[in-house]
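1 is the number of the first residue of the sequence shown in UniProt numbering; add one for each residue after it.
Don't read these hints as lab results, they were simulated from the structure. Owing to the predicted nature of the structure, the values given are computational and were not obtained by experimental measurement. The reader is advised that the hints may include incorrect statements.
Computed Cβ-Cβ distance ranges for the label pairs, DEER-style [what the hints assert, rightly or not]:
#, residue 1, residue 2, range
1, 174, 77, 31 to 41 Å
2, 243, 146, 15 to 25 Å
3, 94, 266, 31 to 41 Å
4, 218, 88, 41 to 51 Å
5, 157, 256, 37 to 47 Å
6, 236, 30, 33 to 43 Å
Built from N, CA and C at the ideal position, the CB exists for glycine as well.
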Amino acid sequence: MSNSQENLDCSSDEEYAELLVPESNNSISTSTKQRRLEYFRKGIDADCEVHVPRTSDTGDAPLDGNVCYKKFRCHRVFLATASEKLEQDVFQNRHWNGVLQIHGVSPESVEIFLEFIYTLEVTSSQVDLLIIGDIFILSCAYNLPDLLFSFSQKLKEIDWPIEGIFPAFNLAFRHNIFDLENACLTKILENATELISHSSLMELQIYAFNYVIQHWLAAEAFQRDELIEVLKQYQTANNLTFTNAQQFPHFTKIAKYFRSVLFNAEGLVHKNLF
1 MSNSQENLDC
11 SSDEEYAELL
21 VPESNNSIST
31 STKQRRLEYF
41 RKGIDADCEV
51 HVPRTSDTGD
61 APLDGNVCYK
71 KFRCHRVFLA
81 TASEKLEQDV
91 FQNRHWNGVL
101 QIHGVSPESV
111 EIFLEFIYTL
121 EVTSSQVDLL
131 IIGDIFILSC
141 AYNLPDLLFS
151 FSQKLKEIDW
161 PIEGIFPAFN
171 LAFRHNIFDL
181 ENACLTKILE
191 NATELISHSS
201 LMELQIYAFN
211 YVIQHWLAAE
221 AFQRDELIEV
231 LKQYQTANNL
241 TFTNAQQFPH
251 FTKIAKYFRS
261 VLFNAEGLVH
271 KNLF
């Protein structure tokens, strides 16, 4: 986590106002970004707070029912000018009490979200593939598509944990995030040997699974018999038989990539030995 916010002597009104003046050509100088980041991280002249519930290491809420919050001291004008949704929450809310609560996402993702609001960049060392889902939620909830794009670009500069690759691809494929989707496909090919046996492969939506199989076939990453075994495992894990009228037809399209694959009376993949 970054340095915690702490009380400092208030700067002059002139200094504070200077932070709000947009630079020419729609760009923000490095020094201005650094100063805005300092105002956020140190809570200088803060007039509101953003609270995010902390969760346990398992991701569950505390058993005793007591909620501990990660608190960020912020400035209403920065929040309100970031998007219409934030403006409604902090300026037009009749019940505003100086605190904006954000639920359902990690404190790390909210810190990145707030730093982006102040600097229009994702620079945090906390960028992690495993929180891409939280960043997506924040980007959609507060109508900040550039946040997701900037975060995705930053992901290209770091190592990706194996367990996060398929979930990220699932998200990108489902919501047509093409840049992230392409980055994921590169990782899927680079790490194919490890990913073919990873449990997250079984959790892909069927259309994303189809795409992965196509790419592995095209790249000749595995023997066809190995991919047929994956097909069987995916069918079992997702109950893809004749009774699944919605998804089974698409599953049969994937099976057609393999000439030796047939279906038995229950609709289960059966390899033709002849």
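Numbered hints the structure breaks, given as an ascending list:
Checked against the structure, the hints that fail are numbers 2, 3, 6, while the rest are satisfied.
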